[in-house]
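Protein chains: 2
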Amino acid sequence: MKELLSLFDRIIQKVNINLREIGFDVSPYVSEIIRLEHMLRFYAFYGITPNHPLNFEFRHSSLAGSYFLGRCQAINSILYKSDIRGDELKKKGDVVRYKDFEIHVNRDEGIHIQDTILIKTLVHNYSHDPETLESFFINNTVSTPFANIHGSPTDGCFIGPFATVDLTTMIDCVIGAYSYIQAGEIGHLSINPGTVWVRNPDQFNFLYCYPPDRLSHYIHFAAGSPPQGVFMDFVEDHKEAFQRVFEVVNIERPANIPNTASLDRFAVIKPKIRIGENVLVSQRAYLDNSHLGKGANAQENCHIINSRLQGYNVTAHGAKIIEADLGRYVFVGFNSFLRGCPECRLSVGEETVIMPHTIIDVQEPIRIPAGQLVWGLINKQADLESNSIALDDLSKIEGRFSKDRLFFEGRGALFVSAFRDRIQHILQANGAFFDGTRNKGHAQTNQNISFNTIQPYPEGKLEGLYPTILIQP
Amino acid sequence: MKELLSLFDRIIQKVNINLREIGFDVSPYVSEIIRLEHMLRFYAFYGITPNHPLNFEFRHSSLAGSYFLGRCQAINSILYKSDIRGDELKKKGDVVRYKDFEIHVNRDEGIHIQDTILIKTLVHNYSHDPETLESFFINNTVSTPFANIHGSPTDGCFIGPFATVDLTTMIDCVIGAYSYIQAGEIGHLSINPGTVWVRNPDQFNFLYCYPPDRLSHYIHFAAGSPPQGVFMDFVEDHKEAFQRVFEVVNIERPANIPNTASLDRFAVIKPKIRIGENVLVSQRAYLDNSHLGKGANAQENCHIINSRLQGYNVTAHGAKIIEADLGRYVFVGFNSFLRGCPECRLSVGEETVIMPHTIIDVQEPIRIPAGQLVWGLINKQADLESNSIALDDLSKIEGRFSKDRLFFEGRGALFVSAFRDRIQHILQANGAFFDGTRNKGHAQTNQNISFNTIQPYPEGKLEGLYPTILIQP
Chain C
428 MKELLSLFDR IIQKVNINLR EIGFDVSPYV SEIIRLEHML RFYAFYGITP NHPLNFEFRH
488 SSLAGSYFLG RCQAINSILY KSDIRGDELK KKGDVVRYKD FEIHVNRDEG IHIQDTILIK
548 TLVHNYSHDP ETLESFFINN TVSTPFANIH GSPTDGCFIG PFATVDLTTM IDCVIGAYSY
608 IQAGEIGHLS INPGTVWVRN PDQFNFLYCY PPDRLSHYIH FAAGSPPQGV FMDFVEDHKE
668 AFQRVFEVVN IERPANIPNT ASLDRFAVIK PKIRIGENVL VSQRAYLDNS HLGKGANAQE
728 NCHIINSRLQ GYNVTAHGAK IIEADLGRYV FVGFNSFLRG CPECRLSVGE ETVIMPHTII
788 DVQEPIRIPA GQLVWGLINK QADLESNSIA LDDLSKIEGR FSKDRLFFEG RGALFVSAFR
848 DRIQHILQAN GAFFDGTRNK GHAQTNQNIS FNTIQPYPEG KLEGLYPTIL IQP
Chain W
428 MKELLSLFDR IIQKVNINLR EIGFDVSPYV SEIIRLEHML RFYAFYGITP NHPLNFEFRH
488 SSLAGSYFLG RCQAINSILY KSDIRGDELK KKGDVVRYKD FEIHVNRDEG IHIQDTILIK
548 TLVHNYSHDP ETLESFFINN TVSTPFANIH GSPTDGCFIG PFATVDLTTM IDCVIGAYSY
608 IQAGEIGHLS INPGTVWVRN PDQFNFLYCY PPDRLSHYIH FAAGSPPQGV FMDFVEDHKE
668 AFQRVFEVVN IERPANIPNT ASLDRFAVIK PKIRIGENVL VSQRAYLDNS HLGKGANAQE
728 NCHIINSRLQ GYNVTAHGAK IIEADLGRYV FVGFNSFLRG CPECRLSVGE ETVIMPHTII
788 DVQEPIRIPA GQLVWGLINK QADLESNSIA LDDLSKIEGR FSKDRLFFEG RGALFVSAFR
848 DRIQHILQAN GAFFDGTRNK GHAQTNQNIS FNTIQPYPEG KLEGLYPTIL IQP
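In order, the protein sequences belong to chains C and W.
For what it's worth, this note's numbering labels the leading residue of the first sequence as 428, then goes sequentially.
For what it's worth, this note's numbering labels the leading residue of the second sequence as 428, then goes sequentially.
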């Protein structure tokens with residue numbers, strides 16, 4: 428394991444150099460969550476299909492449990508149960524619009540991960556940075572449990588547990604636990620835990636900060652200890668069911684799944700599941716006793732338990748939905764935690780948008796009306812007063828408003844339409860609107876993937892490191 | 428599946444061109460045994476260890492179920508459940524003695540398979556051809572079920588079911604079903620089924636031919652049909668147990684296996700197995716209710732059922748041992764079929780050599796004394812008269828002798844010592860003599876192999892073909 432240890436040290440050193448201006452030392456945060464012996468226990472896998480451009484390159488890396496699809500390169504990196512999905516990468520000849528520019532993509536886009544540690548992190552989508560359209564890179568970065576890096580280059584960062592960086596170009600940043608950042612280009616920033624920040628310069632700025640004491644009940648991460656709290660316990664309590672999924676090479680497909688729907692073979696499908704047409708269930712999703720109506724999607728690492736989703740629902744990466752009833756077109760953002768209980772279920776009316784990183788942990792039955800925007804920490808019906816607004820009302824806002832810990836400024840209509848467009852795009856990309864011939868999406872094209880498993884050297888000084896692997900068409 | 432079909436046709440055409448002088452058309456033999464849909468159902472796997480030089484290259488090939496270890500290249504080939512083991516390849520700097528020559532190996536040896544179809548074929552060992560010491564190649568060749576290509580280049584051949592070419596350089600040949608050829612350089616030959624031919628020019632010549640009518644009860648292969656007979660039925664009856672072995676990614680190791688022994692994770696180990704020190708059990712071996720004493724080995728595709736092997740036994744590739752008791756140092760050659768039954772067991776005395784491709788199918792209890800050479804087809808004790816000779820007696824022969832269907836000429840002592848040396852070498856290479864520090868062999872170095880599985884394109888015109896895969900240190 429000598430080489431793996433020295434790779435680990437080298438990455439930490441590189442990230443610390445990047446973060447020297449912020450004065451942040453990564454070491455005490457990672458030493459407790461990266462158990463190098465895990466790097467031996469889990470295999471990595473990559474998908475082969477005729478629908479996704481192939482080009483894998485892994486060198487001097489350890490990849491335990493990682494899932495790869497599409498063009499991807501990992502060099503000098505340690506990845507652990509990371510879902511790196513390259514099924515939305517741009518292709519040569521695509522045209523990207525950015526402000527007034529129309530930019531032609533001049534080669535197939537690829538994911539490049541270099542000198543990076545990703546622990547149970549999802550990396551997905553495509554580069555939204557107009558400067559690097561063909562390269563989706565993450566360099567010299569440490570990302571801790573269940574963080575999401577979505578749609579964008581990142582460079583020299585530390586990303587806390589259950590944090591998300593979305594559609595954004597970061598440079599040298601520290602992102603606190605459970606923070607959600609969709610803020611355009613940022614750099615040299617240290618973001619506090621529990622910051623939900625959605626900014627589009629000159630258009631709008633949405634900023635919510637969790638009360639630190641209440642957030643730490645859910646997720647708490649300090650130097651020298653692994654992350655702790657309800658979120659970690661929840662994931663831990665449900666992980667056993669994944670064992671069989673990883674044990675077998677090919678797994679049987681459950682009966683009664685429509686031909687237009689797709690269940691990833693690394694998802695856990697417990698009994699009493701009803702799946703509608705055009706449904707997409709992604710890898711490491713967990714479904715138990717639930718109903719997913721037509722066009723709904725259950726994204727990576729989400730949990731949907733004892734719940735009913737009426738259709739065209741987006742359940743984003745890492746979201747949890749327990750004992751809840753969701754109307755059509757309800758959007759549940761990244762890492763949101765919606766927990767009803769049998770005596771007090773949560774109900775969410777149609778077209779409501781649950782902001783990424785929202786916690787609704789019910790202490791009494793809660794009913795959220797249709798067409799709302801919901802954020803922050805909610806335990807009771809009355810909390811909606813300070814933590815929601817009707818989308819129609821928000822659309823009328825020009826200027827600023829604040830509610831409790833939320834601060835908003837800019838044009839509400841642009842914020843609402845940005846969200847609606849994105850939801851529409853996600854449903855489209857996932858194949859929710861497939862009509863038998865048109866509007867194919869991931870639910871249709873990801874149905875038949877061959878998975879190849881790759882394993883590390885089992886002993887010796889290269890123990891835990893993977894040999895160099897190149898896969899080409 | 429378009430590309431796979433055209434690859435198949437191209438290989439057949441190439442082999443037919445090679446065999447034009449013999450006037451042999453391969454097509455009607457292979458069309459019935461190669462079911463291209465199998466190429467989709469099974470995955471291939473390659474082993475990663477620090478003990479074997481790595482360098483895999485697969486291009487434009489279909490590899491279903493194949494097992495690779497060591498440096499290996501497969502180009503334009505169709506392999507199906509083939510065990511291609513590269514753990515005895517020569518290394519740069521090795522010195523090979525051939526007659527009066529001392530030849531230095533100037534680079535690591537690699538296996539090269541090109542334009543080849545191998546169906547459930549074992550390819551193993553290293554090149555014994557002094558002209559191609561660094562290249563272990565098999566080109567434009569079709570090899571049918573359970574054939575063995577052992578230790579040597581082959582070029583443009585058709586090899587029948589359960590046939591073996593051993594230590595030999597072939598060129599354009601047709602080798603009939605169940606024929607065993609260890610004859611030095613041969614070429615442009617068509618060998619009848621059931622020919623057991625061991626020749627060392629200027630030293631000895633051993634030739635046995637099975638009675639065709641009796642052999643066809645065991646294995647029969649004609650144009651237009653798949654191979655038939657007892658051997659095929661036997662393998663078919665035992666294949667179900669392999670299902671779980673291939674289903675799971677990592678398999679538990681049975682308890683009570685000495686640290687010095689090695690059980691391949693793709694072997695089937697049924698209950699009531701006792702394994703001694705330094706035992707080697709290879710991939711696709713099948714063990715049921717048997718005892719393997721210290722230093723015994725059970726090689727690829729062998730079956731050992733209700734039997735007791737006292738120790739230092741060689742059970743070569745594809746041999747079957749059922750209801751039998753074998754003394755120490757008993758050697759059972761390639762594809763031999765030793766079948767006792769509960770009321771009439773077979774017993775074999777120590778140091779006896781069962782020639783490759785021997786059939787002992789008991790109709791009454793049979794007891795073979797120690798120190799014999801045994802060949803051909805035996806059903807009763809009395810058959811030993813015409814099908815065995817004491818090794819000591821054989822050693823005294825100078826000239827020629829014949830017994831029933833056996834013809835021998837040359838120096839018996841050289842024949843006996845060649846066999847004894849080889850058995851000693853096999854035991855040595857397999858680690859039978861490991862003393863805790865010295866004499867390590869495969870039983871010790873192959874214990875801890877990471878297996879990576881590789882799968883083909885699941886659909887589209889490349890369906891059943893594998894992407895190009897390169898694996899390097």
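Treat the hints with care, as some may be off.
The list treats identical chains as interchangeable, and a pair is accepted whether it falls inside one copy or across any two copies.
Unchecked claim - Within a straight-line C-alpha distance of at most 25 angstroms, the following computed PhoX-like cross-link-like pairs (lysine-lysine) qualify:
1) 517 x 888
2) 807 x 830
3) 519 x 888
None of these hints come from the bench; they were simulated from the model.
Hint by hint, here is what the structure shows:
no.	hint	in the structure
1	517 x 888	between (39 angstroms within a copy, 23 angstroms between copies)
2	807 x 830	within (16 angstroms within a copy, 97 angstroms between copies)
3	519 x 888	between (41 angstroms within a copy, 22 angstroms between copies)
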